[in-house]
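**Q** Listed below, chain by chain, are the residues.
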Amino acid sequence: MGYKAKFRVWRGEGGEGRLEDFTVEVNEGEVVLDIIHRLQATQAPDLAVRWNCKAGKCGSCSMEINGKPRLGCMTRMSTFGEDETITVTPMRTFPVIKDLVTDVSFNYAKAREIPSFTPPAGVEPGEYRMQQIDVERSQEFRKCIECFMCNNVCHVIRDHEENKPAFAGPRFLMRIAELDMHPYDVVDRKDSAQEDHGLGFCNITKCCTEVCPEHIKITDNALIPMKERVVDRKYDPLVWLGNKIFKRTGSKS
Amino acid sequence: MTQTTADNPAPARRQRAQIKERTLRTDQWWRYPLVTFIIFTAFLVYATWAIFDNDFFVAPYHAPFASPCLAEAVCEPDARLFGWAPLGDWYTWPPGLLILGLPAGFRFTCYYYRKAYYRGFWLSPPACAVNEPHSKYTGESRFPLILQNVHRYFFYAAIVIGLILAYDAVKALIEKPGGVGTWVLIVNAILINLYTLSCHSCRHITAGRLNHFSKHPIRYRAWGFVSKLNAKHQELALVSMFSVMGADLYVRLVAKGVLTFPFA
Ligand code: SF4
Ligand code: SF4
Ligand code: FES
Ligand code: FES
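Heads up: the protein sequence lines correspond to chains A and B, in order.
For the first sequence, UniProt numbering gives the first residue as 1, with consecutive numbering after it.
For the second sequence, UniProt numbering gives the first residue as 1, with consecutive numbering after it.
Be a bit skeptical, because a hint or two may be false.
Claimed, not checked - Simulated DEER-style distance windows between Cβ atoms:
| id | chain 1 | residue 1 | chain 2 | residue 2 | range |
| --- | --- | --- | --- | --- | --- |
| 1 | B | Ala104 | A | Leu241 | 25 to 33 Å |
| 2 | B | Gln28 | A | Pro125 | 51 to 59 Å |
| 3 | A | His215 | B | Gln28 | 17 to 25 Å |
| 4 | B | Arg221 | A | Ser116 | 26 to 34 Å |
| 5 | A | Val186 | B | Arg221 | 21 to 29 Å |
| 6 | A | Gly122 | B | Thr26 | 55 to 63 Å |
| 7 | A | Glu214 | B | Phe263 | 47 to 55 Å |
No lab work stands behind these hints: they were computed from the structure.
From a predicted model like this one, the values you see are computed outputs, not experimental measurements.
Glycine included, each C-beta is placed from N, C-alpha and C at the ideal position.
One chain only, chain A, in its complex shape:
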């Protein structure tokens, strides 16, 4: 059942590089990462690729396959025609180290900028009491495997390197939404979502949602609700007036 597939793989170090052509054997049931490994074993022993679980759960093998951000280990060869040339490149938005391996430290730096979960003063770990329906919404976001393909595909930084300092990317705007919706978190995150983390840059074109391998509805369930929360805080005169009249504290309801 095997056949010879045509592959074009980006090879290079530190930005400079080119697409190299390979013809390589494919067997039934294989995924793109298997083929990359066969290339390593047979034709290109120094081909660099990052991977770990081969089960779509570690988020290491993010790459771009025929121009689309995909997990190499979850992209079946059977979804391509036998005569199709398959192009494999590293994620475009992050600096490349070698071949298919990129330096994703941008994402770790952004993660560190977000204040962590902060329970009310005087409540010790172990004393939290939450109802399922109150935490359910943010549980969807916990499915994230940190493959960073959403941040990679987001045109705000993919096409505009200069926006990187001001924009946390969908992965971390979703993290802010998760904490802002959390029934036990007391930090107010609305102003900083807009001012420090660049929520306003997002124009809800949903590419993050399209590529997420965990099928998290990032735009509908995290980014848009967060935008609406920011409107409450910053752009809605009626909510502002209501808060004044009823002396509601601006923070969490």
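Given chain A, put chain B with the ligands in place with the hints provided.
**A** Using the frame of chain A, we list chain B with the ligands on its own:
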């Protein structure tokens, strides 16, 4: 040990893979923006024509693009909302001009339409992983696009418009239950109201803004219902756009005497 850290990357690690192709996608990624462009343009052309077309009423049918009709000089008594026409004789322009800004603004600032026209008209981005043609980008972070944040006010207006269209449909049902136009208006009113209820701002207002659903069981249930509709927001936006255009055209064709079959 020499280690390259995020704060002090070696020069070689600062550069992205230099790939000159705008995209390496091999599928027909241009279809979505192209189809969007064609459909929205057709809708705009139709709406512009409809505003200036005066055959918007033929008892008991009222064309949705001209409802409510608020001016004495241009709305015959039957066409007025509860017989009410706050604008006097001086107003002689098309009645649609008075109200169309509300549904138009609602759709223009709708999160789905924003996505669709940012992609289809502004190409920002044209499709995922396809470079956009603009050299600078600030999105909705500053003027003018920051004004998209008024969406919820258009939502409040859209509720009112939705109720008026429902009223028009019920009125037609009472006066001419067997008319095809009646059922066209009923279907349209249902779709428009479902679209309105599926709005992201509506979802936020019902309970999305709360963190303790358990303390607000009724709002939580409403949120659950709106969330279900919201998952179909794009579909409802498109279907209701076609239905409102179809219903509007239908009423005008009856009013013009183009459609004359017995149950029209
Ligand atoms: S929806 Fe927003 S965050 Fe997601 S990819 Fe598009 S612009 Fe980026
Ligand atoms: S949200 Fe989805 S696409 Fe983004 S990092 Fe997590 S799993 Fe990957
Ligand atoms: S290797 Fe772990 S997700 Fe692909
Ligand atoms: S109508 Fe589409 S989001 Fe409000």
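**Q** Would you say the C-beta atoms of B/Arg221 and A/Ser116 sit inside 26 to 34 Å of each other?
**A** Since the Cβ atoms of B/Arg221 and A/Ser116 sit about 33 Å apart, the hinted range of 26 to 34 Å holds.
**Q** Against the range 55 to 63 Å, how does the distance between the Cβ atoms of A/Gly122 and B/Thr26 compare: consistent or not?
**A** With a Cβ separation near 58 Å, A/Gly122 and B/Thr26 satisfy 55 to 63 Å, so the hint holds.
**Q** Between B/Ala104 and A/Leu241, does the C-beta distance stay in 25 to 33 Å?
**A** Holds: the Cβ-Cβ distance is about 27 Å, inside 25 to 33 Å.
**Q** Range hint 21 to 29 Å: satisfied by the CB atoms of A/Val186 and B/Arg221?
**A** 27 Å Cβ-Cβ, so the 21 to 29 Å window holds.
**Q** Take the C-beta atom of A/His215 and the C-beta atom of B/Gln28, compute their distance, and say whether it sits inside 17 to 25 Å.
**A** 23 Å, holds
**Q** Could one say that the CB atoms of B/Gln28 and A/Pro125 fall in the range 51 to 59 Å?
**A** The hint (51 to 59 Å, Cβ to Cβ) holds, given that B/Gln28 and A/Pro125 are roughly 52 Å apart.
**Q** Check the following: the C-beta atoms of A/Glu214 and B/Phe263 are separated by a distance inside 47 to 55 Å.
**A** Check passed, 53 Å falls within 47 to 55 Å.
Of the numbered hints stated above, none is contradicted by the structure.
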